[in-house]
Structures are given as C-alpha cells and as structure tokens.
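Novice: Based on these hints, arrange chain B on the given structure of chain A.
Protein sequences, first through last, are from chains A and B. Counting with our numbering, you get residues 7 to 260 for the letters of the first sequence. Counting with our numbering, you get residues 604 to 707 for the letters of the second sequence.
FYI, nobody ran anything at the bench for these hints, they're computed from the structure. Take every hint as true, because none was put in to throw you off.
Straight line, CA to CA, 30 Å or less: simulated BS3-like cross-link-like pairs of lysine-lysine: (1) A:K78 with B:K676; (2) A:K81 with B:K676; (3) A:K81 with B:K605; (4) B:K676 with B:K605.
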Amino acid sequence: MSAAGEFARLAAEDARAALVTIVEGPAAGAKLLVMPGGGTEGGLGDPELDAAAAAAAGELMWSERSELREVKGVKLFLDVTAPAPRLVIFGAVDYSAVLCRLARVTGWVPYVCDPRAQFATPERFPDAEEVIAAWPEPAFERIGPIDPATYVAVLTHDPKLDDAALTLALRSDAVYVGAMGSRRAQAARRERLMAGGLSEAEIERIAAPIGLDLGAVSAEETALSIMAEVVAVRNGREGGRLSASAGRIHEVGA
Amino acid sequence: MKDVVRDVTAWRERGDRVAIATVVAVRRSAPRPPGAKMAVNDRGEVSGMVSGGCVEGAVVEAAADVLGGAAPKLLHFGIADSEAWDVGLPCGGEIDVFVEEYAE
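Here chain A stands alone, though its shape is the one from the complex (with noise of 0.2 Å):
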C-alpha cells in the first residue's frame, strides 16, 4: 500500500499520523507518512529532506493541524489526522457528567475515574467513555498511555484522591491538568504536593483554580467553564471576548 493508502487506512481508525507531500516543482505529489513513533513509509527522494520532514511532522502530529512548511528549500504540506481528543475526568462527581455531556457536544471522547464504586456507575454518567470504578494508577493503566492529547480534569473534592490522581497525572504527558478547587484550597494542595515529592516546575503546571472566568455557579455553567478553558488550551488561546480582542477569529496557517 502506497502511503497516502496507509494514511487513509489510519484515519478511518481514528489513529494519529501525518502525511508530508511536495507540493510544488517536478517531484510534487511524492510522500512520507510519519507515525508517532518515528517510523516512515514511503520518501520525498531525499533522505536528508525526509528525516527533516519526519521531525517536523513528529512535533505538528500532536498539536492536531494541518501545516505547509518550507523545509531545505522545498514547499512541504504536512497533513496531521489524529483521533479525538481524551478528558480524563477524575471524580465521579455532579459536574462530571454535564462535563462529560459537554466534552461529547463539541467532539471530545471523555471518561469518568473515582474508586469510589457507588458513584462512579455509567448509570450516573451515560456520555462517558468509560466509568472507571478505580484508584489513579490503575485507571489510568486502563485508559492506555496518557499522551500529549490527554487532558486532565481533577474534580473529586477529596485530597487524598485529589493528590493521588494530580501526582500522576503531572508527570504525565498529559498537556492539560487541572483541578478543581478554591485559591485557598489550592495553596494547602501545593504545601501537599510538594510535602509528597513534586516539584515546583511539576505543580506549576495544574490550572487551580480549574475553568475559564464565566462567574459560573451552577454545575452546568461550572462544566461549560471548564469545557472551555481545555478548548482554549488545545487551540493555543487564553480565552476571552472576541469582541475585546482584534486577533484571528481561527488560528489559521501562514
């Protein structure tokens, strides 16, 4: 199979690749499939040029867009499919499963994880996934590898479950983890968290208070701000009013 075949097989799977094609001069049209770990099928009828595009597609696979680039002189589309997006909910909690109905209205595959076994019932969140009746490490064991397009949400109100389930997930590749949470309580975390090993650099990274600032009060409002604040990260945005901001509307390419 040819490698344009190979990527078409793989986005019919939902798995994550990307396809380089030249698409400009005599060689147009030649491609390189490049899969997450660094194996290739297929040539642009240069190997130096191929091992440049292969990195450059290695990185643009897991930011999820779709790219032409200039590599060594040649015009390069990088063409990226990848399969949805993951929110790992942790905490089998009210705001779950609205945030869960939310994450599968704008195309996010989400799952629920809470040991405790009475409320983590897929009767309670029927848009999860998956409801994982579990502690962190094995729940997470179950979801598969937490990847650079995992997102963390850390909801359950109980510290110790709280600490065990951010423990992991911040030396994960996870490239969002957040956790729910007053400011306050937020500063008693860290003094836990680093009492238990973590860094700064690692703690650094929860967004404490979780979710962007809508003012949210109700469970419904509280999911939509969260909802929107993994949205923004995943898009490379702060968040905002457009009304307030003269940037793009959509992040777009050159």
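Specialist: Same frame as chain A, now just chain B:
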C-alpha cells in the same frame, strides 16, 4: 482525511479513479482550515468541501484534468486573483489547494 475517507474507500472498491483536493494554506478569513479535503471521482461525483462552496467548481475542473493525466496542481484562490469575480471567496480570504490523483 477523515472527512472524505469513507467515500474515497467506497469509490476505490468499485474501481473508480479518484482525485483529492486538499486546502494547504489559508490567509485571512477562510471557511475551511488547512487539511480540509474534497474528493472527486472519474464519474464526477464529489465528497467534502474546500471552501464554503465558492471555489468547488474550479477544483472539480482541476480534478478532472489530473484524472485525465495532468501533473498534480497547486491552485490559488482569493480576492487578489484576477478571477476574483468568478471564483473569489466572499469572506475575503485566500486559499491554496493542492489537487492530485489518489493512489493507494
């Protein structure tokens, strides 16, 4: 690729030849992002979109050329184009579209 992969696979299974047009660059405001695709088979059937409908006609013509044996093409559409009145983007953006034959 996900937007057209089902139709492309079905077309190939019944023996059609297929051209794929991909948005490779976007300047200013444009309806579809880089990576958006439109597929055209040798019966003239179309799947997916590369803009909001403003340049699809021109892309179908380019796809027919490619299926007729022409080399892959890099097309440019936008208000700066002399063709603006025919195939401009009403939103004021510009897009580059790469058209090639799909080979498994």
